[in-house]
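Undergrad: Here are the chains, one letter per residue:
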Amino acid sequence: MTVHVPTSLDEAVQLLVANPTARLLSGGTDTMVEVNFNRTKPEAVIALRRIPSLREYSIGPDGIVIGAGVPYASMETGPLAQALPALAAAARTVGSPQIRAAGTLGGNLGTCSPAGDGLPVLSALNASINLRSPRGTRTVPFAEFMTGVKRNSRATDEIIESVSVAPTTGFQDYAKVGVRNAMVISVASVCFVHDRNTSSVRVALGAVGPTIIRAREAEDWLAGRVDASKQLPPDGALATEFARLVASAARPIDDHRSTAAYRRHAIEVLARRLYLRSTT
Amino acid sequence: MTDTTSFYELTVNGSHREVRDSWIGESLLYVLRERLGLMGSKGACEQGECGSCTVLLDGDAVCSCLVLSASAVGSNIVTVEGLAPNGEPSDVQRAFVDHGAVQCGFCTPGLIVAVHHLLEHNPDPSMIEVKEALSGNICRCTGYGRIFAAVETVVAVRKGAGS
Numbered sequence: 011m012t013v014h015v016p017t018s019l020d021e022a023v024q025l026l027v028a029n030p031t032a033r034l035l036s037g038g039t040d041t042m043v044e045v046n047f048n049r050t051k052p053e054a055v056i057a058l059r060r061i062p063s064l065r066e067y068s069i070g071p072d073g074i075v076i077g078a079g080v081p082y083a084s085m086e087t088g089p090l091a092q093a094l095p096a097l098a099a100a101a102r103t104v105g106s107p108q109i110r111a112a113g114t115l116g117g118n119l120g121t122c123s124p125a126g127d128g129l130p131v132l133s134a135l136n137a138s139i140n141l142r143s144p145r146g147t148r149t150v151p152f153a154e155f156m157t158g159v160k161r162n163s164r165a166t167d168e169i170i171e172s173v174s175v176a177p178t179t180g181f182q183d184y185a186k187v188g189v190r191n192a193m194v195i196s197v198a199s200v201c202f203v204h205d206r207n208t209s210s211v212r213v214a215l216g217a218v219g220p221t222i223i224r225a226r227e228a229e230d231w232l233a234g235r236v237d238a239s240k241q242l243p244p245d246g247a248l249a250t251e252f253a254r255l256v257a258s259a260a261r262p263i264d265d266h267r268s269t270a271a272y273r274r275h276a277i278e279v280l281a282r283r284l285y286l287r288s289t290t
Numbered sequence: 035m036t037d038t039t040s041f042y043e044l045t046v047n048g049s050h051r052e053v054r055d056s057w058i059g060e061s062l063l064y065v066l067r068e069r070l071g072l073m074g075s076k077g078a079c080e081q082g083e084c085g086s087c088t089v090l091l092d093g094d095a096v097c098s099c100l101v102l103s104a105s106a107v108g109s110n111i112v113t114v115e116g117l118a119p120n121g122e123p124s125d126v127q128r129a130f131v132d133h134g135a136v137q138c139g140f141c142t143p144g145l146i147v148a149v150h151h152l153l154e155h156n157p158d159p160s161m162i163e164v165k166e167a168l169s170g171n172i173c174r175c176t177g178y179g180r181i182f183a184a185v186e187t188v189v190a191v192r193k194g195a196g197s
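Residue numbers (our numbering), protein chains in the order written: chain A, 11 to 290; chain B, 35 to 197.
Extracted from the complex, chain A is given alone in its bound form (with noise of 0.2 Å):
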């Protein structure tokens, strides 16, 4: 194994040409354990923790964009969290503050679980992935950047550098199940975006199918049946159709975390609580 700690994104774009098989490294929570159990020996680990423009974010009327490698613990409170609570809010149900010091939504982005708590949000704020190479910056909607489990479009000379969203007004929340409340990996969680810039609902499902799942029939529903340039009706009938609509939507497994039957229970739940919790 060789390790380069590039100090500039150039450097490490350059660097991933000369080792096309090397292993991108940023806050190391989940390479390194694949190291320490000897389950992974990348011949070449290319290290990005030391560059400085990756752990830098901005956020400003034309929207907001964050580097790669700005830690967790960053978003969960101060500006970032202000202007995306629901990032702030799956932020502080990631790991321990140890995991949330060191983890990073590139690192999320890269490694592509289901589960990763980061993912439902950008699903949901319909943000793009900017990803560079030699060949210039390429930027993806995240729908079709994740493809499978452990899958995404990444090209192999690819470095991911920064997510962008669009400025949203209104409610957003995120909201997750797991086997206890603090240090947990995800069973089912639920991203809800309302944002009366574009009159729209978002939702999007994490751990509950290959890649994170829009509730495209249950947005389309919902938008036939409220104004969603104004705050959404307290209405409970209308919460829980809605939920049904999103749990549908879920493709959850059976697996040695929890079923699917409760997987896509919780969804339901999830989906009226954050549609509820939006009109007050």
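Check the hints yourself; a few may be wrong.
As the list claims (entries may be wrong) - If you want the footprint, here are the derived chain B segments under chain A, 3+ residues with CB under 8 Å:
#1 57-65
#2 77-85
#3 97-105
To be verified - Some chain B residues judged to face chain A by a derived CB distance under 10 Å, without partners named:
#4 Asn120
#5 Gly121
#6 Ser169
Claimed, not checked - Pairs of lysine to aspartate or glutamate residues, derived as DMTMM-like cross-links and limited to a Cα-Cα distance of at most 20 Å, are as follows:
#7 Lys193/B x Glu163/B
#8 Lys51/A x Asp55/B
#9 Lys165/B x Glu86/A
#10 Lys51/A x Glu60/B
Hints listed in this document are in silico derivations from the structure and should not be mistaken for laboratory results.
Cβ atoms here follow ideal geometry from the backbone N, Cα and C, with glycine treated the same way.
Fit chain B to the given chain A structure using the hints.
TA: Leaving out everything else, chain B in the frame of chain A:
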């Protein structure tokens, strides 16, 4: 595939330390303990679940088992040994002893680092904030009550000293 051994330098507790003849894929925890002889940081789960290996990396409390050691070149690393530079216990360490917050002691170094980090950023935390800040440090002996009492004492004593 060849395993590369190499030479690199880390900055640990303010000192430059040379790492020689190590496998380049070793975690920072392994290097601290097995290459540099700093046995304070403990290794239990090696997957970021237990917090017993907590160190400060450029001021952030992180699990050293999840840091690729060779990627920490140029970073400022502080271990539990660096919190008691002259061999005298810090106020946090003293309070842990006074309150019986140390039983088997295995989690203690990680907790000490986490408490120092918390109080540096939040000198007067609520009990909820204390519990949240220490939620990544697992203790199977104490039930945490004595640990929280030790933290409360440090907060009170530091406040008294500052007023």
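Undergrad: Against this structure, judge whether each hint is valid.
TA: Hint by hint, here is what the structure shows:
| no. | hint | verdict |
| --- | --- | --- |
| 1 | 57-65 | holds (count 4) |
| 2 | 77-85 | holds (count 5) |
| 3 | 97-105 | holds (count 7) |
| 4 | Asn120 | 27 Å, violated |
| 5 | Gly121 | 27 Å, violated |
| 6 | Ser169 | 5 Å, holds |
| 7 | Lys193/B x Glu163/B | 17 Å, holds |
| 8 | Lys51/A x Asp55/B | 18 Å, holds |
| 9 | Lys165/B x Glu86/A | 16 Å, holds |
| 10 | Lys51/A x Glu60/B | 11 Å, holds |
Consistency note: the structure conflicts with the earlier hints numbered 4 and 5.
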